[in-house]
Amino acid sequence: MRRNALPRIVMIALFASAGLAFQAGTDGPYKVLKTAKVGGEGGTDYIYADTAGRRLYVTRGATQAQAATDTRPAVPAFEKRLTIFDLDTLESVGVIPGVGGNGATVCPKTGHGFTSDHPQPSMFDVKTMKLIKTIEGPAGFSADGIYCDTSNDRVYIGSHPTKALMVVDARDGTVLGNIDLGGVPEQTVADGKGIVYQVLQDRPGGVAVVDVKTMKVTKTYPLGDNGGCNGLAIDLQNQILFAACSAIGPAPARGTPGQPAPPAPTPDPNAKPPQTFVILSAKDGKILARLPLAGSSDGATFNPATMEAFSTQGNGTMTIVKVKRATSFEVEQNLKTWPSNGARTIAFDSKTGHLFAMASEAGPPPPPPPAGTTPPAGGRGGGRGAAIPGSFTIIMVGIK
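Residue numbers (my numbering): 1 to 400.
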């Protein structure tokens, strides 16, 4: 899950235009109920709540050993692994070593879980917490988002490079096919009646509508100028989709690493904020509303009990949108979930109504690149500092 960074001067102008909406929504019914500093090293992406099994799944990437410095202790090497926590207490209940990837999901009726591991997704037993098998993907496959459609016990695993969904039978891990999406997949949802909806990260963005029987895209709903869309949630009662997008217009030109950067576009004081919840009909793709988000989203979910849509943003905020009627929506609250950047993806527990995110504390940011140049490949370019060892924290959000 990636987001494009806009030049600083443009971001200042855009946030200024969205500032009133953010400030107005800070008071609301939700708050951070609990945090658990569970530690451990390695990056992660999606976080998954298994409501039936009362487990929270977080994949962690492998890390190399780091020598001690004047500002931090030495860090040993860690292998990739799937970390598992009690959904109610957030206490650790197990680890599956050697299993990683961008996310995890569970198909409760089968007793099997899956991770979007690279280059081969993994299948595990949820009771024994043991790896069952790895699953071979097609050429060029690189797993990212992952979703279980419990209506037919099929797992959908998105691949950025191939712009496709790999479909897996959750009962035995058999690959049933690969769906050509025509765009980069991020979060996936389903209506439980034979339709899968796939948000596409491209600019401009869209939502692909997939027939699960034919495993083909039947149509793609355009999102207009909005793109960089990572989160997708669905209101089944009203057949409404919530696409969480982080960009407006075409992608900016990219410079060659180490060479002079392309000139920044002149900020438009009347520009719409790029961080937008695009609300559309799941039946025909008609745009019903566009509401501002408090930052660049990387995940979304919906609570049918409260008729609220949620988006988590990489600046440590959560936006809550209330469905007042089938065609009326409002930003109910913008909640600060983390003091710095982080807490960018989301999981939902339908039993308790709790929402979950995760984040690490960050050290000092690295120095910016020389003026007029772009950072070298893989460089942070004066952005967020490296995660502080042992600071990985799970965040629980709910009603006050």
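Keep in mind that the hints were calculated from the coordinates and are not lab data. Accuracy of the hints is not assured; some may be wrong.
Straight-line distance between alpha carbons at most 16 Å, and here's what the computed EDC-like set of lysine to aspartate or glutamate pairs gives [claimed, not checked]:
1) Lys133 / Asp169
2) Lys37 / Asp86
3) Lys109 / Asp172
4) Lys283 / Asp211
5) Lys109 / Asp180
6) Lys193 / Asp172
7) Lys286 / Asp225
8) Lys322 / Asp211
9) Lys34 / Asp70
10) Lys34 / Glu79
11) Lys34 / Asp88
12) Lys37 / Glu361
13) Lys193 / Asp225
14) Lys351 / Asp86
15) Lys163 / Asp180
16) Lys37 / Asp88
17) Lys34 / Asp349
18) Lys336 / Glu361
19) Lys213 / Asp153
20) Lys324 / Asp180
21) Lys286 / Asp235
22) Lys109 / Asp169
23) Lys127 / Asp86
24) Lys351 / Asp88
25) Lys216 / Asp180
Pairwise CB distance ranges, derived in the manner of DEER restraints [stated by the list, open to error]:
26) Lys219 / Pro339: 38 to 46 Å
27) Lys283 / Gly353: 24 to 32 Å
28) Lys34 / Asp153: 16 to 24 Å
29) Gly28 / Val93: 30 to 38 Å
30) Thr214 / Pro339: 43 to 51 Å
The beta carbon of each residue, even a glycine, is placed where N, CA and C say it ideally should be.
Hint-by-hint comparison with the structure:
1. Lys133 / Asp169: holds (13 Å)
2. Lys37 / Asp86: The hint holds at about 14 Å.
3. Lys109 / Asp172: holds (12 Å)
4. Lys283 / Asp211: At roughly 13 Å apart (the allowed maximum being 16 Å), Asp211 and Lys283 satisfy the hint.
5. Lys109 / Asp180: violated (28 Å)
6. Lys193 / Asp172: Roughly 22 Å separates the two Cα atoms, so the pair is violated.
7. Lys286 / Asp225: At roughly 14 Å apart (the allowed maximum being 16 Å), Asp225 and Lys286 satisfy the hint.
8. Lys322 / Asp211: The hint is violated at about 29 Å.
9. Lys34 / Asp70: violated (32 Å)
10. Lys34 / Glu79: violated (28 Å)
11. Lys34 / Asp88: holds (10 Å)
12. Lys37 / Glu361: holds (10 Å)
13. Lys193 / Asp225: Roughly 30 Å separates the two Cα atoms, so the pair is violated.
14. Lys351 / Asp86: Judged against 16 Å, a Cα distance of about 14 Å means the pair holds.
15. Lys163 / Asp180: holds (6 Å)
16. Lys37 / Asp88: holds (15 Å)
17. Lys34 / Asp349: holds (14 Å)
18. Lys336 / Glu361: holds (15 Å)
19. Lys213 / Asp153: Given pair Lys213, Asp153 holds - Cα atoms ~13 Å apart, limit 16 Å.
20. Lys324 / Asp180: Roughly 36 Å between the alpha carbons, so the hint for Lys324 and Asp180 is violated.
21. Lys286 / Asp235: Distance of about 15 Å is within 16 Å: holds.
22. Lys109 / Asp169: Answer holds: Lys109 to Asp169 is near 12 Å, not above 16 Å.
23. Lys127 / Asp86: It holds: about 13 Å lies between the C-alpha atoms, which stays within 16 Å.
24. Lys351 / Asp88: holds (10 Å)
25. Lys216 / Asp180: The hint holds at about 7 Å.
26. Lys219 / Pro339: 38 to 46 Å: The hint (38 to 46 Å, Cβ to Cβ) holds, given that Lys219 and Pro339 are roughly 42 Å apart.
27. Lys283 / Gly353: 24 to 32 Å: holds (27 Å)
28. Lys34 / Asp153: 16 to 24 Å: Between Lys34 and Asp153, where Cβ atoms are some 32 Å apart, the hint is violated.
29. Gly28 / Val93: 30 to 38 Å: With a Cβ separation near 32 Å, Gly28 and Val93 satisfy 30 to 38 Å, so the hint holds.
30. Thr214 / Pro339: 43 to 51 Å: For Thr214 and Pro339 the Cβ distance comes to about 48 Å; the hint holds.
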